[in-house]
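**Q** Which chain is which? The protein sequence lines are A and B, in order.
Quick note, this note's numbering runs 408 ahead of the 1-based positions in the first sequence.
Quick note, this note's numbering runs 408 ahead of the 1-based positions in the second sequence.
Each hint should be verified, as a subset may be incorrect.
All copies of an identical chain are treated as equivalent in the list; a pair is satisfied when it fits inside any one copy or across any two copies.
[As the list claims (entries may be wrong)] In silico lysine-lysine, PhoX-like type, Cα no more than 25 Å apart, as pairs:
id: 1; residue 1: Lys977; residue 2: Lys992
id: 2; residue 1: Lys803; residue 2: Lys924
id: 3; residue 1: Lys922; residue 2: Lys860
id: 4; residue 1: Lys998; residue 2: Lys977
id: 5; residue 1: Lys432; residue 2: Lys684
id: 6; residue 1: Lys432; residue 2: Lys992
Keep in mind the hints are simulated off the structure, nothing from the lab.
None of the values given here were measured: they were computed from a predicted structure.
Residues per chain are reported as follows:
Number of protein chains: 2
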Amino acid sequence: MILKRWLVGDPLKTAQARYERLSKTIALAIFSSNAISSVAYATEEILLVLVLAGTAAVAWSIPVSLAILFLVLVLTISYRQIIYEYPEGGGAYIVARSNLGDRPALVAAAALMIDYVLTVAVSVAAGIAALTSAIPSLFIHREALGLVAILFIIVVNLRGVRESGKFFAVPTYFAIGGLGLLVIVGTIRSLSSSGEPPPVIDHIETEAFTMFLVLRAFAAGCAAVTGMEVISNGVKAFRQPEPKNAATTMVWMSIILASLFTGISWMAYHYGVVPKPDETVVSQLARLTFGTGLVYYAVQIGTMALLVLAANSAFAGFPHLASILARDGFMPHQMATFGDRLVFSNGIIILGFFACLLLILFQGETHALIPLYAIGVFVSFTLSQVGMVKRWLVKKGPHWQAKLIINGAGALTTGIATIIIASTKFLQGAWIVFLLITILLLMFQGIRAHYKAVREQIALDRRGARPPLPGRNIVIIPISGLNRAVVRALDFARSRPGEIRAVFVDVDPEESAKVKIQWAQWGGGVNLIALPSPYRSVLSSLLDYVEELLEKDQTTWVTVVIPEILPAKWWQGILHNQRALMLKAALLFKDRVIITDVPFHLTR
Amino acid sequence: MILKRWLVGDPLKTAQARYERLSKTIALAIFSSNAISSVAYATEEILLVLVLAGTAAVAWSIPVSLAILFLVLVLTISYRQIIYEYPEGGGAYIVARSNLGDRPALVAAAALMIDYVLTVAVSVAAGIAALTSAIPSLFIHREALGLVAILFIIVVNLRGVRESGKFFAVPTYFAIGGLGLLVIVGTIRSLSSSGEPPPVIDHIETEAFTMFLVLRAFAAGCAAVTGMEVISNGVKAFRQPEPKNAATTMVWMSIILASLFTGISWMAYHYGVVPKPDETVVSQLARLTFGTGLVYYAVQIGTMALLVLAANSAFAGFPHLASILARDGFMPHQMATFGDRLVFSNGIIILGFFACLLLILFQGETHALIPLYAIGVFVSFTLSQVGMVKRWLVKKGPHWQAKLIINGAGALTTGIATIIIASTKFLQGAWIVFLLITILLLMFQGIRAHYKAVREQIALDRRGARPPLPGRNIVIIPISGLNRAVVRALDFARSRPGEIRAVFVDVDPEESAKVKIQWAQWGGGVNLIALPSPYRSVLSSLLDYVEELLEKDQTTWVTVVIPEILPAKWWQGILHNQRALMLKAALLFKDRVIITDVPFHLTR
């Protein structure tokens, strides 16, 4: 408990919740790091596909980057409309549910959940790649470093929203500054010193250049726009007026993302930089621009910090989505409860667990994770936009035609992108994502069906009829010998109505004779029944006896009064037989059995 | 449960226990494998010390082996007396306790327990070394192979005594046959073809030849006699007349052990074989004698089987010793209970766990474990013999002087050996064993003191005074909403005496208003109390309330009636809030709180 307090801080009162709202500056750091940080690997992933057809194909990185810039523009405009329309938070799940119904909403939710996990894994892997580019000796430890980073983020998030915000703002802005400087200095130099790019290492062409390859490059680059939806999920976390602040933050985020991505793609093309296995493209560009000095290290450390902290954005989004699903009965109720620190502890822990698992499975390798990435986000983008189209058609309202056209364009663009991503990545891993979406969908529906069945079973009778009480109540006290605990439990049982029987299991005839003699003095006239035990299992003999009583008459209930001796110190528990605990656990699953625990606390 | 049945077999009735007695043939296989199997590494360990002073020093292996043979003789004669004197089983603990008192007995028990664990680890490591000598490609997997072997033995032992016996007899006799053939053929050849030993690889002298080195070699070789005490621990497992059968088996064991050990030591000396890192001395001898053919592989497989199965002997002895200690109150009571299959399951599992731990810590390396080995056994040998000396002095009886001389010689011999082993191995690891003996001693005494304190606290009053009952009993029913489960618990509570209050934690004002309205219809006039919850923790608000009631008046007891909704399938449990479980766990540690569980079983 002390450890927990030290790690996650003191609990906060509900009344404090409204102060936990974020300023635009802090919110930009928390919600935008996901989208912006992808500039660290998006260009590289585009190039990795294109170089398969030789260095000549690399020139196609410019049109591919422009296509992605267009996506950023379309998403920004259409998501602004969602933010204003859903000030309570307009994640894909909410938009799809209120306009398209349950099933599309659950598909969107499943897709997003999978992508949150991938965001954490990809961002952390890329962050560690930034670090190992600068310090190559750490390369072999990248998996372990990634796991440490995720655990670190989990702890920070369990401490609560605003403290995390402060914690993340400084490094995020530091990284944006560093990458901005890289892009500005690099671009100015590239425009002045025109004709002398450094020599290009010739790659062996392993694939022919086709349009399909360009589409694959585009699909890989789409990782750049993942995370753009995060702000629309978290509108409620902003200060008032929430939608306006959120929309402004979204525009700023898009401008930063677009500028950095364009700059890095341009520089990589201009300097002829291609991916290397052990150094990232951004690291190569930073070395070319600043030399391997203080500024270079600052850029690398900043990039790493931004990426590792980008994972944090998923830790805000995932538990939030899970809690909305839980509130609607599609996830276990526990997911809806606030933890101690006004955050959704269960969601944080689950997300962290799966992200670690993924990192281990893919050995901390960014490129290995990319084929799974972005599909989920684009599925949810498309469902969101389609949902908005439906909304305008139904709801109409002022300027509805203009709004319809904007979201219609968004739906068309993201729909096409989704098809491109799904078809080019399908065999390389995207099928896993579709399989997982299906499994999650079935899980959500199964959970809801279970809760519905429970509600029906425990519902109160409309005409006011009360559930039947036991026709006959047999009280049994299992004992293994006589002591103060047993006598107290016996006296307690005798003080209430019911037919009382003490039972003991006859394992050792000598012991049994002793118990019978003592019972004559202490039993207070209560019947003592000896149960046979051919298999020496005290527990199963007792359970058999209870079962027998219950079967004889369906209106009979059995109350088992357990004299439980509790040690003064918890660790002394291992010195006691745990029989009471096992008995209670076994009885709990029998119908018509009431368990009464009469404790006897030892003091030393 | 089905898996458990399949792995460990059906439970046995107590009445079947007397049939679980062992014939001499089976008993020899079970109880002697420990002692006999040590011939596989004892000679090698002696040589490993001597070669440190160069190959010339190796000739000293013959006098060292003769000294160990003398030990075997002394131990056989003195242990026969113990077997006859203690037909119920005369382990060092029992002999020391009945003659020397608690503390020496507990030292002997601690020493033996540590050595049981080491026996398993050393035997399995040596067994795997026999295997990897024959199949060098398995050398890198020796640690994993060792762990698999231990797990295999655990499962076999959990199946019960006699079935294990059958299981072990065939490979044990096969191995004794193989090693016997090796010794006979090898010795005959060595006597006929006198003058041509194969070339000796010259070792670099790393230490000067001193008498201390010879003593170290003797200490290492003492591993050969470990396990000789096993029969005296398990006299009760023999068929009638138990002492006679046990004594005869002991003599046979000693003869086999002495012959094999002498033969192997002689052959190693004659052929000039010295230890290699990746091939055992026995493997080298078998190759020289039979060539690398079918007979060679049979000897290696037999040796491996004997060693891996030797570990089994500890799995008979350790749980037996633990159960005797538990019966006397020095170990947790659970250790004294029979498992399903008339064996001491808890002891088997604990022994297996620590042996695996040791194997992992020492990376499956026999030589690394040897410095820890044999000390424990010799400490207990000495305490046993000293105990017998004391016994004859006190008890006298027929021929007591002769018996006194025999056990006196035993005490002297084993005492000197113990001093040699302890002093030569002290810095190489023996100190760990002495430290562990001290820790175990304190643990045994602490456990006994705890049980004594418990007995005093729960003892019935001599004058017949009964423990006081609650002066006032307040019944509280914690609820979070109204449903059939709650109404049933309420009606159950109303049907018995006590002041009833329903309590709910006020988290959401809207929800609270609804509960209050429903209570008016269903509450049956019982008071409904709303508890404030500044920290949103339902659990801590409830506990605070209970605490408050208890503190107001020291004679007040609180009965908490918990309406518990139980899912139809266990895995549905994760979809429910576990609040009832957490509440019960928290309440259990409060004094004067009675817990009553009123279950509501769902059917789907």
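**Q** Each hint needs a verdict: does it hold in this structure or not?
**A** Verification of the supplied hints:
| no. | hint | result |
| --- | --- | --- |
| 1 | Lys977 - Lys992 | both (21 Å within a copy, 18 Å between copies) |
| 2 | Lys803 - Lys924 | neither (81 Å within a copy, 38 Å between copies) |
| 3 | Lys922 - Lys860 | between (54 Å within a copy, 20 Å between copies) |
| 4 | Lys998 - Lys977 | between (31 Å within a copy, 12 Å between copies) |
| 5 | Lys432 - Lys684 | neither (38 Å within a copy, 72 Å between copies) |
| 6 | Lys432 - Lys992 | neither (54 Å within a copy, 45 Å between copies) |
The structure shown violates the earlier hints numbered 2, 5, 6.
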